[in-house]
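Participant: Required output: the full structure, derived from the provided sequences and hints.
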Amino acid sequence: MQHAEAEQGSDAPFNEQIADGVKLGDPDAVGAVYARLSDRLLGYLMARVHDRATAEDLLEATFIELLLKGYTIRGGSKAIKVWLFRAAHFNALDHLRKVRRRAEDLSDMAEVDVVDVSRGPAEHAEASLLGDEVRAAMLQLSDDQRQVLLLRYVAGFTAAEVASTMDKTDGAIRSLQHRGERSLARLLGPRAAPSGPVRASQGRNVPR
Amino acid sequence: MKDMDVRHGGDDDLDPHIGWLFHRAYDQRVDVETAARHLWVIHRSAQPHGEVPRSRRGAGAASRRALVSAMAGVVLLVTSGVAVAASGAALPGDALYTVKRGSERVQLLLTLEPESGARLRLDLARERLTEAVAISGTRPGSLPQVLTAAVAELERAEAIGDGATTAEAAAIRAETNGVLAEVAGGVEPAIAMALEQVAQRLGTPALAEADEPRVQPGLQPPASQPGELVPGDEPQAGQMSQGADQQADSPGAPQGNHALLAPEPDGPVRPELGDLAGRLPGRSSSP
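Chains as they are written, first to last, in my numbering: chain A, 2 to 209; chain B, 89 to 375.
Since the hints were made in silico from the structure, they are not lab data. All values reported here derive from a predicted model rather than from experimental measurement. Treat the hints with care, as some may be off.
Here are the computed distance ranges between Cβ atoms for each label pair [stated by the list, open to error]:
hint, chain 1, residue 1, chain 2, residue 2, range
1, B, ALA183, A, GLY77, 35 to 41 Å
2, B, ALA252, A, ARG98, 54 to 60 Å
3, B, GLN288, A, ARG102, 45 to 51 Å
4, B, ALA183, A, PHE91, 27 to 33 Å
5, B, GLY225, A, SER165, 53 to 59 Å
6, B, ALA183, A, SER165, 37 to 43 Å
7, A, LEU94, B, ALA252, 52 to 58 Å
8, B, ARG117, A, SER176, 31 to 37 Å
Partial pick of chain B residues on the chain A-facing surface, computed with a CB cut under 7 Å [unchecked claim]:
hint, residue
9, ASP103
10, GLY107
11, LEU109
12, GLN116
13, THR122
14, HIS126
15, LEU127
Where chain B lies over chain A, by a calculated footprint (3+ residues, C-beta under 8 Å) [what the hints assert, rightly or not]:
hint, region
16, 23 to 33
17, 63 to 70
18, 154 to 166
A virtual CB, placed ideally from N, CA and C, is assigned to each residue, including glycine.
Facilitator: Listed below in structure tokens is the structure:
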């Protein structure tokens, strides 16, 4: 779906008519939002559930939710984006809880950080080494730190939006973000430094 | 990570290096087939009797134009996809059929002019008829859905078309009658009854007479005879025998199998369109 984003940028606000259409349950409008945000939402969901097929299912479920409950959204295009990622956030949480429950049923290893291990070896091989390292380092962070970093960097939320989604104060979110970033730096060490200067496009708030 | 502590204040307090790392770690692209499938499911799940009347949905050229720039990306992607190209000949029940229907939705989204939209819908109605004939021997359980979709496209085309498409619409209406009569031969009673409802929606009672030897008067259709359906056909016999106005899939079940044969996703035909259909010449040209 990169073409749409290349044209408009996923941070550009939606056209007002699209925003209105979403609130009216218009599938065309939801389709337009899909064209704009599905890549980023998939990235966010994969970061949460670690499995592409599951992430795609959750992506679909999230957009169907947008279609059916879009009328509850108050606000413009930004509110739609926040609503969408918040829905994805809770869908992922629900999924992880189910996985955790299953894991608890199978063993007493409830303390183990739950990771959906259905990601196949081929997918691991495809992923870049650095990407793997970043994902592995993220698993070392606390749940809250990880969620804050994903919502801020992958979903593109503001600190206030993350605070609202996670039901915490702005200050708590900034603190979690700060500690998460420091931990990542420590875990990744010099490998984390980019080989060249960060290009303008990479230096945007949101990696995309 | 030496710039890790750089803070810009406000909501710009994101570290570009971490942004770059996350880009490497979490950048994902939705692939063509998935996008087409999701778009199709989104359309299929639209509320047929929801809070939003069709007239308030921002239909019309202006609103559609607003969507085009965003959808252009999808269509570029969809039309360049190998899977989509390969899906052109897919039939109901085939794995790629969802992709085919999804890419049709994208085409419709990108058609701005009402006349072009009407023409495209007529093309789609013809395609459904072709599919119906092709599967009549192998997957008769899918016939009611496919033909319902044909009628829905036809009705839409008739509603938005002008004089230029009227004649073709009438021809397709007659063609649909012909196909209905052709495929109804030898199908099981539940399917025959579902087809009869399609015929009624089309506005002709002729098929009912043709079915009389097979469907005895007073014989109630079985509530559910899954065995009559082709494996892979999702809709159940009970659903098929619903009235045309209840044909749309129930929303709220996004997970699980994707119905390959979902009826017209935008909901049932509005009553006024039914009246319109009744006034069209094709109605009296039933076999």
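Participant: Hint by hint, say whether it matches the structure.
Facilitator: Quick rundown of the hints versus the structure:
Restraint check, ALA183 of chain B to GLY77 of chain A: a C-beta distance of roughly 39 Å satisfies the suggested window 35 to 41 Å. Checked against the hint of 54 to 60 Å, the C-beta distance between ALA252 of chain B and ARG98 of chain A comes to roughly 57 Å, which is consistent with it. The beta-carbon spacing between GLN288 of chain B and ARG102 of chain A, approximately 49 Å, falls within the hinted interval of 45 to 51 Å. Between ALA183 of chain B and PHE91 of chain A the CB atoms are about 31 Å apart, so this pair conforms to the stated range of 27 to 33 Å.
For GLY225 of chain B paired with SER165 of chain A, a C-beta distance near 58 Å keeps the hint of 53 to 59 Å intact. Between ALA183 of chain B and SER165 of chain A the CB atoms are about 42 Å apart, so this pair conforms to the stated range of 37 to 43 Å. Distance hint for LEU94 of chain A and ALA252 of chain B: a CB-CB separation of about 54 Å, consistent with the stated range 52 to 58 Å. Between ARG117 of chain B and SER176 of chain A the C-beta distance comes to about 34 Å, which sits within the given range of 31 to 37 Å.
The beta carbon of ASP103 of chain B is positioned within 7 Å of a beta carbon in chain A (closest approach about 6 Å), and the interface hint is therefore held. About 4 Å separates the beta-carbon of GLY107 of chain B from the nearest beta-carbon of chain A, less than 7 Å, and the hint is met. Annotation: LEU109 of chain B was flagged as interfacial toward chain A, and the flag holds, the nearest CB pair being 5 Å apart, inside 7 Å. The criterion of a C-beta within 7 Å of any C-beta in chain A is met by GLN116 of chain B, whose closest approach is roughly 4 Å, and the hint holds.
Below 7 Å, beta-carbon pairs count as interface contacts, and THR122 of chain B has one with chain A at about 6 Å; its hint therefore holds. Annotation: HIS126 of chain B was flagged as interfacial toward chain A, and the flag holds, the nearest CB pair being 5 Å apart, inside 7 Å. At about 5 Å, the closest approach between the beta carbon of LEU127 of chain B and any beta carbon in chain A falls short of 7 Å, and the interface hint on this residue holds. With 9 residues bearing a CB less than 8 Å from a CB of chain B, the region 23 to 33 of chain A meets the requirement of three and the coverage assertion stands.
Check on the region 63 to 70 of chain A: 5 of its residues sit with their Cβ under 8 Å from a Cβ of chain B, so the three-residue criterion for coverage holds. Under a criterion of three residues with beta carbons nearer than 8 Å to beta carbons of chain B, the stated coverage of the region 154 to 166 of chain A is upheld, 5 such residues being counted.
Hint check: no violations occur; every hint is consistent with the structure.
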